[in-house]
Amino acid sequence: MAEIGFDDFLRVDIRVGEVVRAETFPEARKPAIKLWIDFGGEIGEKKTSAQITVHYDPETLIGRQVLAVVNFPPRQIGRFMSEVLVLGLPDEHGDIVLIGPDGPVPKGGRMH
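Residue 100 in full-length UniProt numbering sits at position 100 of the sequence shown, and the numbers go up by one each step.
By construction, these hints were calculated from the structure, which means they are not laboratory data. Heads up, the beta-carbon is just placed ideally off N, CA and C, and yes, glycines get one too.
With a cut-off of at most 20 Å between alpha-carbon atoms, the simulated SDA-like pairs for lysine to any residue come out as follows:
| # | residue 1 | residue 2 |
| --- | --- | --- |
| 1 | 47 | 108 |
| 2 | 34 | 62 |
| 3 | 107 | 88 |
Just the calculated beta-carbon pair ranges, DEER-fashion:
| # | residue 1 | residue 2 | range |
| --- | --- | --- | --- |
| 4 | 60 | 6 | 30 to 40 Å |
| 5 | 79 | 20 | 14 to 24 Å |
| 6 | 60 | 8 | 30 to 40 Å |
| 7 | 102 | 41 | 17 to 27 Å |
| 8 | 10 | 75 | 18 to 28 Å |
| 9 | 5 | 27 | 34 to 44 Å |
Turn these sequences into a full structure, and let the hints guide you.
What follows is the structure, encoded as structure tokens:
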């Protein structure tokens, strides 16, 4: 993997948000969940979809804080416009586990 400079890292805007709405995404090619995430005043609410159905049900995601890249351009996924990229890590089977703080933090906080 190519090295990047610290300034490159600073250009990636990763923020914490709270999932305020979640629903299944049956139109997606691979099983996914639509998420509406509140990042607080400066950024507001953004939506995304994530292939996280192995570990999560929509109703269990409400109120959960997650990390997401908020400065990628929007991406059309079927008839749904994804505005942020929620972050996660693969488990031993390659299924995604979401990344978030281990305690409550203010919405919109930037990752350092």
